[in-house]
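Trainee: Position chain B relative to chain A; hints supplied.
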Amino acid sequence: EAGVTQSPTHLIKTRGQQATLRCSPISGHTSVYWYQQALGLGLQFLLWYDEGEERNRGNFPPRFSGRQFPNYSSELNVNALELEDSALYLCASTRGFEPQHFGDGTRLSIL
Amino acid sequence: QKEVEQNSGPLSVPEGAIASLNCTYSDRGSQSFFWYRQYSGKSPELIMFIYSNGDKEDGRFTAQLNKASQYVSLLIRDSQPSDSATYLCAVPLSYGQNFVFGPGTRLSVLP
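Quick note, the sequences are listed as chains A and B, same order. Note that our numbering numbers the first sequence so that position 14 is 60, with each residue one more than the last. Note that our numbering numbers the second sequence so that position 78 is 101, with each residue one more than the last.
Bound conformation, chain A alone (with noise of 0.2 Å):
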């Protein structure tokens, strides 16, 4: 069975520009989450999608939004990138109330 898988690994951006991320959940499950991780921080929850609709978001600026489609991959969209932008950004795929399981994460970095 595959995991989660996020696109892509690593990207570089500039200040002010836009960012996309990707991720494909595992196969059956319907709920995605986002999260960001600064460097030497913890999980801070950014977006949950389930069955296609938001379901919650986390305390962040409207300038981070995300949609999940029909077949329940999501991407996340960063908008006007700030410094602060830079982190590790990791989705989660689950089912119910099953464990979420990880991909490897974004690494995003703003120059």
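Worth double-checking, as some hints may not be accurate.
Unchecked claim - Label pairs and their computed distance ranges (CB to CB):
hint: 1; chain 1: A; residue 1: Asn-125; chain 2: B; residue 2: Gln-54; range: 36 to 46 Å
hint: 2; chain 1: A; residue 1: Glu-128; chain 2: B; residue 2: Asn-30; range: 44 to 54 Å
hint: 3; chain 1: A; residue 1: Leu-87; chain 2: B; residue 2: Ala-40; range: 38 to 48 Å
hint: 4; chain 1: B; residue 1: Tyr-118; chain 2: A; residue 2: Glu-128; range: 28 to 38 Å
hint: 5; chain 1: A; residue 1: Thr-60; chain 2: B; residue 2: Ser-92; range: 27 to 37 Å
hint: 6; chain 1: B; residue 1: Ser-117; chain 2: A; residue 2: Arg-113; range: 20 to 30 Å
hint: 7; chain 1: B; residue 1: Ile-41; chain 2: A; residue 2: Ser-53; range: 33 to 43 Å
Just so you know, the hints here were simulated from the structure itself, not pulled from any lab data. Computed from a predicted structure; not experimentally measured. Glycine included, C-beta positions come from ideal geometry on N, C-alpha and C.
Mentor: Frame of chain A, contents of chain B only:
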């Protein structure tokens, strides 16, 4: 009160000792509890889950759950330097955001 709390550590134990990691949660409706291990720069990986009061053992790991006290713990027996990582407690809530991670406890096993 935060939904999931853990001591941030670092917790230092000598090689071969028992490491004890603790987690408390606020939602009395929560029914399942997960422990993840995260190595520096890597994504979290699921190592244990527990649904019923009492103990659950898997190799060197034992998860303990006390729903009355809203407390879940992870014991690591015969700790090895390779166990040095951050351990995250995760609880699916019965309301709102489905899944909440604690801040994590950093464990250091000294040779």
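Trainee: Of the hints given before, which are not true for this structure?
Mentor: Hints 2, 3 and 5 are the ones this structure does not satisfy, whereas the remaining hints hold.
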